[in-house]
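S.K.: Residue numbers (my numbering), protein chains in the order written: chain A, 1 to 302; chain B, 303 to 415.
Treat the hints with care, since some could be wrong.
[Claimed, not checked] Covered stretches of chain B, going by a simulated chain A footprint (3 or more residues, C-beta under 8 Å):
hint, stretch
1, 310-322
2, 366-379
3, 407-415
[Claimed, not checked] Residues from chain B that keep clear of chain A, each with C-beta distances beyond 10 Å, as calculated:
hint, residue
4, H304
5, A329
6, E360
7, R363
8, V382
9, E386
10, A388
Source of the hints: derived by calculation from the structure; they are not laboratory data. Model, not experiment: these values are computed from the prediction. For each residue, glycine too, the CB sits at the ideal point set by N, CA and C.
Spelled out from the first residue to the last, the chains are:
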Amino acid sequence: MCISCGCGNDEATVDGAVAHQDPAQVHTHADGTTHSHAHDPLHAHGHEHGHELASAPGATRRVRIEQDILAKNNAYAADNRQRLAERGIFALNLVSSPGSGKTALLCKTIALLGGQAVAVIEGDQQTSRDAERIRATGAPAVQINTGRGCHLDAHMVGQAMQTLGLREDSLLMIENVGNLVCPAAFDLGEAHKVVILSVTEGEDKPVKYPDMFRAASLMLLNKIDLLPHLDFDVDAAVAFARRVNPQIKVIRVSAASGVGLDAWLEFLREGLARAAAAKQEMLDSRKRIGARPEAQTQRPLP
Amino acid sequence: MHEMSLAAGVLELIEDSARQQNFSRVARVWLEIGRLAAVEPEAMQFCFDAVARGSVAEGARLEIIALPGSGWCAGCATSVSVSEIAAACPQCGGYQVMVTGGTEMRVKELEVE
């Protein structure tokens, strides 16, 4: 069972290799008990805990916890975000229903970005078909198969980032599992969630599935080349999205015809420039304070 | 659907606490869940029962403390109560409400043996 999502992640794989298991983290205590821990950025302790039994059996007491249910995922996400910031990488988490055209949009975007380094993490329950489509464009891609899982989590994405070996000042696109509900709650360490709504869906989806539209900074209204054949009210769709999230940006695009992609590429280039500038600022400030080399390799724990 | 994920997150916090605080059984778990967090209490208990089987929290009862939804209406420039995401402002009837509270999902306290 997945430690952070509980959705049968025994089956989750990153490019076919089983995720969520690291034999180095399985260990045996002096009393002969063997167990395993996932690497946990919340508790970088040295396993000094014992396996004593609770003192007075039968006596009840209260234990205060006061922790966010998603604390573990959020800690992994913070770790990913730090790794991305250090390399000046602009990362987006693309979320939508199945069939909104995420992969086609990605393929087109990679082609239009020309020499810009782009890497892709693909999430699906099964098959590596999407990663193969991305690799055909020449961009590196890894496939995460979530098995029974309904969303990517930050731990899976951290492992996929390691497999990809990300380049400095590059763009990282994370294509989440097609699902408008569950991925909303899971921070992966991205700069923004981008929700894709295609005009072949209902214009009221933002109010029917509000969590995702509330979590996203940008909505791409895709397949707008099909509008002449459909009874889809673009203004109503935008109004519904703003009802859920008054600050959401909207770009109307068609991956097939190329309409609107200039504005989308502009959004990406601005994000890349911001990420590179933030990295440079971080490096400069480290130089100014004369940080010791070992201090630079240690990431602050959240 | 994602109540399964959340239930696993709750169990994980409990198991961490069990290691640190040396308890072997959990009778009750208090959760603070915002009314806008899209969590169904019944689904949560069902999923928790499933993931907790064989753990220190097997059979534990979830006590869910519902926290109210709140938001900031840009039209009224004031804080308002929010019954659901994308609902109209209860004061002006407009749709310029940013949710500011009610999406919490926390494990508050345990009763343990």
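S.K.: State for each hint whether it applies.
M.R.: Hints, verified against the model:
Coverage of a stretch by a chain is defined here by at least three residues with a beta carbon nearer than 8 Å to that chain's beta carbons; for the stretch 310-322 of chain B and chain A the count is 11, and the condition holds. With 1 residues bearing a CB less than 8 Å from a CB of chain A, the stretch 366-379 of chain B misses the requirement of three and the coverage assertion fails. Counting residues of the stretch 407-415 of chain B whose C-beta lies closer than 8 Å to any C-beta of chain A gives 9; at least three are required, and the coverage claim holds. Listed as outside the interface, H304 of chain B is inconsistent with that label: its C-beta sits roughly 4 Å from the nearest C-beta of chain A, within the 10 Å cut-off.
The Cβ of A329 of chain B does not lie farther than 10 Å from every Cβ of chain A; its closest approach is about 6 Å, which violates its non-interface assignment. No beta-carbon of chain A is positioned within 10 Å of the beta-carbon of E360 of chain B; the least distance is around 14 Å. Even its closest Cβ contact with chain A, about 13 Å, leaves R363 of chain B beyond 10 Å, as expected for a residue assigned away from the interface. Here V382 of chain B stays apart from chain A, with its beta-carbon at least about 13 Å from theirs, past the 10 Å limit.
The non-interface label for E386 of chain B is inconsistent with chain A: the shortest C-beta to C-beta separation is roughly 8 Å, within 10 Å. Not every CB of chain A lies more than 10 Å from the CB of A388 of chain B, the least distance being 4 Å, so the non-interface label is violated.
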